[in-house]
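Using the sequences plus the hints, can you model the full thing?
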Amino acid sequence: MNLTLKIWRQKGPQDKGKMVDYKVSDISEHMSFLEMMDVLNEQLVNSGEEPVAFDHDCREGICGMCSLHINGEAHGPDRGITTCQLHMRMFKDGDTITIEPWRAKAFPVIKDLVVDRSAFERIQQAGGYISVNTSGNTQDANSIPISKHAADEAMDAAACIGCGACVASCKNSSAMLFVGAKVSQFALLPQGQVEATDRVKNMVAQMDLEGFGNCTNTGACEVECPKGITLENIARMNRELFKASLIKF
Amino acid sequence: MSVLDSKVPEGPIKDKWTNYKDKINLVNPANKRHIDIIVVGTGLAGGSAAATLAELGYNVKAFAYQDSPRRAHSIAAQGGINAAKNYMGDGDSTYRLFYDTVKGGDYRSREANVYRLAEVSSNIIDQCVAQGVPFARDYGGLLDNRSFGGVLVSRTFYAKGQTGQQLLLGCYSAMNRQIARGKIEMHNRHEMLDVVKIDGKARGIIARNLITGEIERHSAHAVVIATGGYGNVYFLSTNAMGSNATAAWKIHKKGAFFANPCFTQIHPTCIPRSGDYQSKLTLMSESLRNDGRIWVPAKLEDAKAIQEGRLKPTELAEEDRDYYLERRYPAFGNLVPRDVASRAAKERCDAGYGVNATGEAVYLDFAAAIERYGKVQAKIQGISNPSKEKITELGEAIVEEKYGNLFQMYEKIVDENPYKTPMMIYPATHYTMGGVWVDYNLMTTVPGLYCIGEANFSDHGANRLGASALMQGLADGYFVLPYTIGDYLADDIRTGVIPTDTKEFDEVEKEVKDKIDFFINNNGTKSVDYFHKRLGKVMWDKVGMSRNEKGLKEAMAEIKQIREEFWKEVKVPGSANEMNPELEKAGRVADFLELGELFAKDALVREESCGGHFREESVELDGEQKGEAKRNDKDFAFVSAWEYKGEPADAVLHKEQLEFKDIELKQRSYK
Ligand SMILES: Cc1cc2nc3c(=O)[nH]c(=O)nc-3n(C[C@H](O)[C@H](O)[C@H](O)COP(=O)(O)OP(=O)(O)OC[C@H]3O[C@@H](n4cnc5c(N)ncnc54)[C@H](O)[C@@H]3O)c2cc1C
Ligand code: SF4
Ligand code: FES
Numbered sequence: 001m002n003l004t005l006k007i008w009r010q011k012g013p014q015d016k017g018k019m020v021d022y023k024v025s026d027i028s029e030h031m032s033f034l035e036m037m038d039v040l041n042e043q044l045v046n047s048g049e050e051p052v053a054f055d056h057d058c059r060e061g062i063c064g065m066c067s068l069h070i071n072g073e074a075h076g077p078d079r080g081i082t083t084c085q086l087h088m089r090m091f092k093d094g095d096t097i098t099i100e101p102w103r104a105k106a107f108p109v110i111k112d113l114v115v116d117r118s119a120f121e122r123i124q125q126a127g128g129y130i131s132v133n134t135s136g137n138t139q140d141a142n143s144i145p146i147s148k149h150a151a152d153e154a155m156d157a158a159a160c161i162g163c164g165a166c167v168a169s170c171k172n173s174s175a176m177l178f179v180g181a182k183v184s185q186f187a188l189l190p191q192g193q194v195e196a197t198d199r200v201k202n203m204v205a206q207m208d209l210e211g212f213g214n215c216t217n218t219g220a221c222e223v224e225c226p227k228g229i230t231l232e233n234i235a236r237m238n239r240e241l242f243k244a245s246l247i248k249f
Numbered sequence: 001m002s003v004l005d006s007k008v009p010e011g012p013i014k015d016k017w018t019n020y021k022d023k024i025n026l027v028n029p030a031n032k033r034h035i036d037i038i039v040v041g042t043g044l045a046g047g048s049a050a051a052t053l054a055e056l057g058y059n060v061k062a063f064a065y066q067d068s069p070r071r072a073h074s075i076a077a078q079g080g081i082n083a084a085k086n087y088m089g090d091g092d093s094t095y096r097l098f099y100d101t102v103k104g105g106d107y108r109s110r111e112a113n114v115y116r117l118a119e120v121s122s123n124i125i126d127q128c129v130a131q132g133v134p135f136a137r138d139y140g141g142l143l144d145n146r147s148f149g150g151v152l153v154s155r156t157f158y159a160k161g162q163t164g165q166q167l168l169l170g171c172y173s174a175m176n177r178q179i180a181r182g183k184i185e186m187h188n189r190h191e192m193l194d195v196v197k198i199d200g201k202a203r204g205i206i207a208r209n210l211i212t213g214e215i216e217r218h219s220a221h222a223v224v225i226a227t228g229g230y231g232n233v234y235f236l237s238t239n240a241m242g243s244n245a246t247a248a249w250k251i252h253k254k255g256a257f258f259a260n261p262c263f264t265q266i267h268p269t270c271i272p273r274s275g276d277y278q279s280k281l282t283l284m285s286e287s288l289r290n291d292g293r294i295w296v297p298a299k300l301e302d303a304k305a306i307q308e309g310r311l312k313p314t315e316l317a318e319e320d321r322d323y324y325l326e327r328r329y330p331a332f333g334n335l336v337p338r339d340v341a342s343r344a345a346k347e348r349c350d351a352g353y354g355v356n357a358t359g360e361a362v363y364l365d366f367a368a369a370i371e372r373y374g375k376v377q378a379k380i381q382g383i384s385n386p387s388k389e390k391i392t393e394l395g396e397a398i399v400e401e402k403y404g405n406l407f408q409m410y411e412k413i414v415d416e417n418p419y420k421t422p423m424m425i426y427p428a429t430h431y432t433m434g435g436v437w438v439d440y441n442l443m444t445t446v447p448g449l450y451c452i453g454e455a456n457f458s459d460h461g462a463n464r465l466g467a468s469a470l471m472q473g474l475a476d477g478y479f480v481l482p483y484t485i486g487d488y489l490a491d492d493i494r495t496g497v498i499p500t501d502t503k504e505f506d507e508v509e510k511e512v513k514d515k516i517d518f519f520i521n522n523n524g525t526k527s528v529d530y531f532h533k534r535l536g537k538v539m540w541d542k543v544g545m546s547r548n549e550k551g552l553k554e555a556m557a558e559i560k561q562i563r564e565e566f567w568k569e570v571k572v573p574g575s576a577n578e579m580n581p582e583l584e585k586a587g588r589v590a591d592f593l594e595l596g597e598l599f600a601k602d603a604l605v606r607e608e609s610c611g612g613h614f615r616e617e618s619v620e621l622d623g624e625q626k627g628e629a630k631r632n633d634k635d636f637a638f639v640s641a642w643e644y645k646g647e648p649a650d651a652v653l654h655k656e657q658l659e660f661k662d663i664e665l666k667q668r669s670y671k
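So the sequence lines, in the order shown, correspond to chains H and E.
1 is the number of the first residue of the first sequence in full-length UniProt numbering; add one for each residue after it.
1 is the number of the first residue of the second sequence in full-length UniProt numbering; add one for each residue after it.
Simulated from the structure, these hints should not be mistaken for laboratory data.
Don't be surprised by glycine CBs; every beta carbon is placed ideally from N, CA and C.
Some clues are possibly wrong.
[Stated by the list, open to error] Listing some non-contacts, in silico: residues in chain H with all C-beta distances to chain E over 12 angstroms:
id, residue
1, Lys11
2, Ala220
3, Ile247
[Unchecked claim] Mimicking SDA-like on lysine to any residue, the simulated pairs with C-alpha atoms at most 20 angstroms apart in a straight line are:
id, chain 1, residue 1, chain 2, residue 2
4, H, Lys11, E, Gly574
5, E, Lys526, H, Lys11
6, E, Lys571, H, Lys148
7, E, Lys568, H, Ser47
8, E, Lys21, H, Asn133
9, H, Lys148, E, Glu400
10, H, Lys148, E, Ala130
11, H, Lys16, E, Asn577
12, E, Lys526, H, Val39
13, H, Lys201, E, Arg181
14, E, Lys253, E, Gly574
15, E, Lys645, E, Arg563
16, E, Lys412, E, Tyr277
17, H, Lys148, E, Met88
18, E, Lys571, H, Asn133
19, E, Lys420, E, Lys560
20, E, Lys571, H, Ser47
21, H, Lys171, H, Asn133
What follows is the structure in structure tokens.
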């Protein structure tokens, strides 16, 4: 198929940036979206132009690097997938496709379609861990049984890949789904209880500091999340935060 | 006389590690504060090492090319991680895990290292659970296990189909705690481009900031390389797009020997290639072989009809199917080790029995498992005389619970429903057993330079068993390196900070900058990918699943030729002082173009078949094992460690003779 691409080009953080039109032809429906981008880039290199910079690595939906806003949707049309898992069979000959970076104050553009997500790093550093040193004499893994339901639910929350689609989809650029997922994973496990109070407070405080917006329950994040992280995680985080507010040390 | 000293401690194998730990030098906590360690790579190996070293009190500087440690390619591991916990009570033990790993590796690994790996395996699970890794559990709340290819016990711990992700997030969280404490200085989006040696010791690195293009100097008392495998030398592999050999290759050029480059794992269960535009291949976890049966049509005419789209697999009667693994290997069946399964698939496809348009695919069929699970479920739920539809429905639900995300992934890529029609799979490059040579301490042949995880030549010999790479990466990082490096650093407590304004740093930085300038200014005509794809094709065709003398010699000449063209014709747009993905790729492909030739040379020298390395000249000629790979222990029970001498073809071979004192060398039979 033949396509017209409207792509955000921006030389660097200071550049204003603009949309540029490109044409690609002979695109196979079996290609992945990023393979289509490879075709475009090969074309640009061969004609001496600078290829379009975009983040990607694993190309199998797990590393969380890829991050394109396609036709106004984070990770494009189709549900439950990342950009790298999107296939060209979702498009048809003659289509015009708009490709933009994640848009959020807390995710400044580095170049073209690449954004800086280090705000997520700092939120995790604020408390997204259990304080346990590596010693080789930690208690046996089976010494605390964990109900299958709790373990499965913790796993569902832990499936978040930190891509940032939730932020990009939210009209307030809220990071509640991302933070809620991490808080939930630990809140559901006995190992996470000891530091629960500080964890939720510190992570939420850092989130606010980074300039992410508030949650107004529109649920766009849940719809675009490639890993099926549910709004239930935001509710759980709010409960944890409420619980924490009642505890005074 | 070989210059290699493996430094394996004396004493019985069971006591070596314990005795060693009792006797090594330690650095006291106050002194650790004055010691810096660079860790390049923050996947499972580097991440666990960085976190643990920082916990111990060292100052760690860590580097990764992605924008977060959480995105290292370890994240993509699906199936699981082995540990000799014997929670299932099926007879597992440290010895058995040790034995399976040495046997699975076709007797080309160092016994003492493998025993230590098996020994610390159960600590890994304890540590991960304590960090909050949500491993799968049974209804009693205890940890669940599954079994993987090449073994007869269930010892694989898993977190749905995302085990690597969860383990990496565990070690990422441990890192985050240390980053917050200021004990790890994390440099994301940085690529190490060379190592700096002072007085023969590794004392720093040169790295490029991938956002600004700035070339930076970083110094330390020791340098740890944990940059993963070199599977992308094949262009197409299950590795991430950015996975590369640059750090490993650059240290090789500065004196670290490179071991067994030809030992590469071609994984049997990957989604087949669909066209020339293909950028990478996707693995379908090996755990699928627990329940999937592998087959091709028994008759050539049926195979042809399927290839041409005239016949559907579901239309083929049971007796017209050839379950070739079950036929050839009745004891292990579909669970034979990876190398055996891959070659068997290639053999069938080469003979014309392949099942997609390219003729390069075999079926992985879940129909039998769905029926089996469905019947069991019907019983459990007390449904008498369940209909066929009901059984299928119940069975599919179980299969979905076990492999749901993999099935979904398959369907998204191939656009076929694997519950209703068998999956198509074909082997693909997946893992590299070869890598930088290290001694028992995980130190390379350069003092103070360590190598861990997939990047080293590791504990897997000529073939790695499933779920053992995660185990090795975490063993190296959490439980081995933190001890062994202390022994070395005990001499450095009075050294003080290593300055970076020295001639050694000047020189290496200049080399790095010159190369970058060359790329930017070389107004060639062809893209980096053009060369990478050509290299990949030579590697796959001539240094792939089956190798012979003629092909290997041709490969060496062809790779050299491609390399020469690359340096003349490569074109890199943009500038050096900005984010420039083409420039990053150019540097990596330049290194693959050298590594590939050494790889072929190593394969040429090893005139035996063992593990993933299959030489057509070395097969059993008769008896029960006829046609199977023939290992030659008399002449080849060694690790080949290559010393850099300029051109890859001029590399000098050093042999580390392998001794087997605790395991008897045997023909590896899975019949
Ligand atoms: C699809 C897939 C599935 C797998 N499934 C399993 C499984 O189920 N069980 C199992 O045991 N094993 C599995 N493996 C193998 C296993 O995942 C890997 O061998 C292991 O995770 C490698 O870990 P590592 O830490 O050595 O390297 P990686 O995780 O690859 O990390 C490499 C690190 O090095 C950094 N890096 C690389 N080059 C540079 C440079 N020049 N400068 C700076 N940083 C650099 C990267 O940023 C990254 O942080 C699988 C592998 C793949 C590809
Ligand atoms: S919650 Fe979903 S959308 Fe948000 S970062 Fe995690 S995986 Fe991405
Ligand atoms: S590239 Fe890794 S999730 Fe898309």
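Which hint numbers doesn't this structure obey?
Violated hints: 1, 5, 6, 14, 18, 19 and 21; rest satisfied.
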